[in-house]
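Novice: Residues per chain, in single letters:
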Amino acid sequence: MNGKEITFIVVSLLIIFIGALSIYQMHTQPILPIEPYETALGIPWRLLVAQYVFFAVSATGLCIVVSLGELFGVKKLEKIAKEGLVMALVMILIGLMTIGLEIEQVMRGSYAMLGHTNPSSLMFWMIMFYVLYLIFLSFETWFLLYDDLLIQANEGGLRSFVAKLLTLIKIENSKEYAKVLGMIKLVTAVIATSTLGALFSVTHLKLWHDPLLPIYFILTAIVSGAALIVIGVYLTDYFKGLNERHEVFQTLRHVLVVSIIVTILFTAWKLIIKAYPNSTLLSRMAVYNLMSDYAINFWVFEFLIGLILPLMLLILPKTGQKIEGIFVSSLLVITGMVFCRIDHVVVGQLTMKISGIDVTFVSFHPLEILSSIGFVALFVFGYYLAHKLLPLGVEV
Amino acid sequence: MKRRDFIKLIATLTISAPIVKALTTQEQETDKSYAFVVDVNKCIGCGNCVIACKVENDVPMDLPIARTWVEGYSIDENVPLSKTKVQKIVMNTAKNPFLDKKNWRYSKNFLVPKLCNHCANAPCVNVCPVYARFHTKEGVVLVDKNTCIGCKYCIVACPYGATFLNPEEKVTDKCTFCFHRITKGLKPACVEVCPTGARSFGDLNDKESIVYKILKEKEFSVLKPEEGTLPRVFYLGLEEYLVE
Ligand code: SF4
Ligand code: SF4
Numbered sequence: 001m002n003g004k005e006i007t008f009i010v011v012s013l014l015i016i017f018i019g020a021l022s023i024y025q026m027h028t029q030p031i032l033p034i035e036p037y038e039t040a041l042g043i044p045w046r047l048l049v050a051q052y053v054f055f056a057v058s059a060t061g062l063c064i065v066v067s068l069g070e071l072f073g074v075k076k077l078e079k080i081a082k083e084g085l086v087m088a089l090v091m092i093l094i095g096l097m098t099i100g101l102e103i104e105q106v107m108r109g110s111y112a113m114l115g116h117t118n119p120s121s122l123m124f125w126m127i128m129f130y131v132l133y134l135i136f137l138s139f140e141t142w143f144l145l146y147d148d149l150l151i152q153a154n155e156g157g158l159r160s161f162v163a164k165l166l167t168l169i170k171i172e173n174s175k176e177y178a179k180v181l182g183m184i185k186l187v188t189a190v191i192a193t194s195t196l197g198a199l200f201s202v203t204h205l206k207l208w209h210d211p212l213l214p215i216y217f218i219l220t221a222i223v224s225g226a227a228l229i230v231i232g233v234y235l236t237d238y239f240k241g242l243n244e245r246h247e248v249f250q251t252l253r254h255v256l257v258v259s260i261i262v263t264i265l266f267t268a269w270k271l272i273i274k275a276y277p278n279s280t281l282l283s284r285m286a287v288y289n290l291m292s293d294y295a296i297n298f299w300v301f302e303f304l305i306g307l308i309l310p311l312m313l314l315i316l317p318k319t320g321q322k323i324e325g326i327f328v329s330s331l332l333v334i335t336g337m338v339f340c341r342i343d344h345v346v347v348g349q350l351t352m353k354i355s356g357i358d359v360t361f362v363s364f365h366p367l368e369i370l371s372s373i374g375f376v377a378l379f380v381f382g383y384y385l386a387h388k389l390l391p392l393g394v395e396v
Numbered sequence: 397m398k399r400r401d402f403i404k405l406i407a408t409l410t411i412s413a414p415i416v417k418a419l420t421t422q423e424q425e426t427d428k429s430y431a432f433v434v435d436v437n438k439c440i441g442c443g444n445c446v447i448a449c450k451v452e453n454d455v456p457m458d459l460p461i462a463r464t465w466v467e468g469y470s471i472d473e474n475v476p477l478s479k480t481k482v483q484k485i486v487m488n489t490a491k492n493p494f495l496d497k498k499n500w501r502y503s504k505n506f507l508v509p510k511l512c513n514h515c516a517n518a519p520c521v522n523v524c525p526v527y528a529r530f531h532t533k534e535g536v537v538l539v540d541k542n543t544c545i546g547c548k549y550c551i552v553a554c555p556y557g558a559t560f561l562n563p564e565e566k567v568t569d570k571c572t573f574c575f576h577r578i579t580k581g582l583k584p585a586c587v588e589v590c591p592t593g594a595r596s597f598g599d600l601n602d603k604e605s606i607v608y609k610i611l612k613e614k615e616f617s618v619l620k621p622e623e624g625t626l627p628r629v630f631y632l633g634l635e636e637y638l639v640e
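So the sequence lines, in the order shown, correspond to chains A and B.
Heads up: the first sequence at position 92 corresponds to 92 in our numbering, and the numbers run straight through without jumps.
Here our numbering runs 396 ahead of the position in the second sequence, where the first position is 1.
Excised from the complex, chain B in its bound form (with noise of 0.2 Å):
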């Protein structure tokens, strides 16, 4: 699919049912094109998505930098929305700050996972001087570490903080949709070993995928909408007002 035909069909949708119908009508003209869907309600915050990726794709894993991370936000529902008080803990490394109680400060909880959205229109795309970062035909967006010049501009640029400096490597970093594995039909390794399936990841032009199915029937949300980025990362049960 042509980049301009996925910010056209993304550009016009509200709900469900017309994002994934518009999608897949564009079947004719490449084969895949991968989309990923986070289901707010399922994740428990046990940590496995952030630890399997930084293993699997070779992040450091005391450094909080992370490809995906996990946010959780407590609310105190018993004050006026206007006065809500919104703590935020955040897990980026191995270490789980979840199954402290003290950090679940108020009365109603829960966890926001995150990875980079994989934009349509990315900002990290299309500041980076060099084209170390591109489409592919599946609307991946990768970093070629071989031309990375580290000048930083594409993790300013990201309006989601979703790519960073490997300080090893000396380049920028950010999930691929784990793309050494999806290209040989395996799933992304986040959504491997997520117990709940909170994460799902697929193919929008094959109808019988799971995150085409999701979308066709449950309501959806993208985070920052207003960035007008057309993320690829679509999320169930987001509380927007809430999730930076």
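So that you can see chain A by itself, here it is in the shape it has in the complex (with noise of 0.2 Å):
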């Protein structure tokens, strides 16, 4: 382990504490009485909830591009399946935590499993599916690695340690596992992902109540998938020393280009129809606050460096066909798909009120903030701690 390397963990480990504190702080304010954030002058759903569905959102899509090597026969993909299962993983498992810490009585869960449930609510099928999913992931993830874990349990050090503890279990052809738990998994995700889109659809609120909602989140899965395994590759690759993924990089790149062409057109359909004229006064009212009163994030942030330049960068052979090009694509679609999530989430609440009050514009608290920064090094650091435990070697 190097300098870089221990200042890396001290400050993951810093950040990952303040943004404990921080969720502490929000739910039992020991030093503050109550946050202005909780009462009704902001909206019920707010930043923790945004990154839920961007942390959740992802990880389907992770998933869905994995399978397309491992699954639907994308050779050059195939190299990245246990990168990009185990992202997947990680990823899940903190939105899962993000969104669980967001709610205010989590631990009366346990009447939902004690079987307290209402089948009409699409959060509870939400969650049932979601956490399918985990499940399925985790079992399909573990047989995929079984055999390099047999190996990597002749090391020695912690790493063996690790290697033979999950291998305590004899299996023989955990490939083939792999493979059918993959199938039942991936289509969990497509599940799991299209009804959280759904729970949005049935509110009232003229943004989110939109039919093709489901089918948005899958596409827009796809697009964050796709950049975060680029982005993960690359710097796996870049510590590594290694720069003989090309392949891998140029597929990846293809899978963005078309599925950023179909958000665009799937994006700019729906906000045209939602603002037309034969549209509700609140439909376009709805699409009046995106468009002005969060311009910035919708057309700079959202649009512009999300989608546009990234696919010019991507189309252009000049910057498409260098890794770094992809690369910085792929940072530039990530941030935009963080500010799609906060847009759909936030902006989707605006035509409402809550007692009386109109909501006008969202300021975050700064806890919300660290806390959601506290997640976000959460992933990383737990990415991070994977490819130190797992056998995640690179395949050239």
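No lab work stands behind these hints: they were computed from the structure.
None of these values were measured; they are calculated from a predicted model.
The reader is advised that the hints may include incorrect statements.
[Said to hold, decoys possible] Not close to chain A: a few residues of chain B, all C-beta gaps over 10 Å, as computed:
| hint | residue |
| --- | --- |
| 1 | V436 |
| 2 | I447 |
| 3 | P476 |
| 4 | K504 |
| 5 | K533 |
[Said to hold, decoys possible] Pairs of lysine to aspartate or glutamate residues, derived as EDC-like cross-links and limited to a Cα-Cα distance of at most 20 Å, are as follows:
| hint | chain 1 | residue 1 | chain 2 | residue 2 |
| --- | --- | --- | --- | --- |
| 6 | B | K491 | A | D358 |
| 7 | B | K504 | B | E473 |
| 8 | B | K484 | A | D358 |
| 9 | B | K603 | B | D427 |
| 10 | B | K438 | B | E588 |
| 11 | B | K541 | B | D454 |
| 12 | A | K322 | A | E244 |
| 13 | B | K580 | B | E604 |
| 14 | B | K620 | A | D358 |
| 15 | B | K481 | A | D358 |
Cβ atoms here follow ideal geometry from the backbone N, Cα and C, with glycine treated the same way.
Starting from two chains that each stand alone, build the complex the way the hints lay out.
Specialist: Next up, the structure:
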């Protein structure tokens, strides 16, 4: 472990600690009595919900992209299967943690487990499918890594201990199991994410009320999944001093180009239809909120930085054929996607009123922002740990 | 009365006579079917209801969250309808903004008290993942505060903004028609304190009840009928095209 790595670990742990303290303060208020953001002055679903949506949807996207290689024979993507699955696993774990800690009375989730549930609630189904997805994904990853774990068990040190622990149960043909589970997991992931979309669709809020929203979620899942795996693979290779996965990047570039183009079309038509003079007043107001009050979020971050700019970088041969070009495009895409989720969740609620008060503009509380950063740090650290402890050796 | 019956009844109603007739024919099935009537023309904006409700139901007095609140609308009548300027003022704490003359900018003013509509097809009940929201047999929508996980889905789903997070209890809260009072034969706190009788509450299955009589005689409307929520709170004299 070198100096840089130690600094990375210390800084990550510090950010995670600050994030944890912020969440603690938000829920129990040992320092300040009542946080202003918890009153009706603000919208009920806020930054952490947007972050959950980002994590949960991206995890599905990662699985879809990985499955292109694993299940649908895009050979070049097989090389990123392990990294993609582990990233998805860390992502969905942190995502579920985010939403769990956002909920006010998370410990009461036990009632739900005891069957006190409402089958007409899409939130119930979403949780069910994400938990199932987590289970399938964990087993699939385990099966996929099993043979490598057997080898790693002889390495010595902590890695060997982890590998021994994970190979206590003996299995044969683990790759076959992984394939079957991969299929089941993919279906579950797609259902879970579309249920998440539908959960928004079924409300009266005009920006959300849209039968195509579940499909839009799947589509943007592919965009963010592909971008995330590019970032992950690029950074891993960079730190390991490798530079040999050009083909993987080129395939991901194509996935990104196609999915970004469809997303642009989808977004444009969605907003045009909602803003068309024949749509209801509230529907037009909802689009107006997004385009004017949140113009910077939408036009600059979501549209220009998140979709148009990366698309151009990817299409142009000069940048698109370079790994660095694809990496930078992916960073832009992820920035756009973060704003896309925030805009979706936050702006979607702006036509709402609570106790008669109109919600017009939302500012996030510093504690929310800190805890949100904490979760991101936790994700990065978790993925780093996975690389340290699991056999994710790069296949070239 | 079964929920389905209630839905069937309300769905077919356009004017007051058939609604009351239809609602009362359900008498044999259950003894009570509660309803609430707000007479917009009688409200003077004293805000007694807001304060009484907060005291009765332990809602933080100074935070802008309330089980019942009063909206004041001020409209410029001298401009064409398409350009109507509407100013909206809300009283949902102990501070009464209606007393300030500056808040009434235009020529025509009126007040609309609001509360949970106890919808027969309640979005908040439909979306709650843990059944913390439910209908009583009298049609009242309640929150089980010991079950609510505080996911806030109901707040997002309610088209009326009638439900909120109680920051002290960390669960959602809303009007219960003062269920603890009405089951003892008392009136809801807001009805009790309203000096002008702008709020009435009663049992639609009781032909002697005030709500039965009002709804039988007068024309009424509900908030956001297009949402299909089938409210149990009925309004008299509502300027539907202006009220949000
Ligand atoms: S008005 Fe809102 S809180 Fe009340 S029953 Fe209807 S949906 Fe639920
Ligand atoms: S906040 Fe409580 S009452 Fe509302 S939907 Fe969630 S669990 Fe149900």
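Novice: Let me make sure I understand: some of the numbered hints might not hold for this structure. Which ones are they, in numerical order?
Specialist: none
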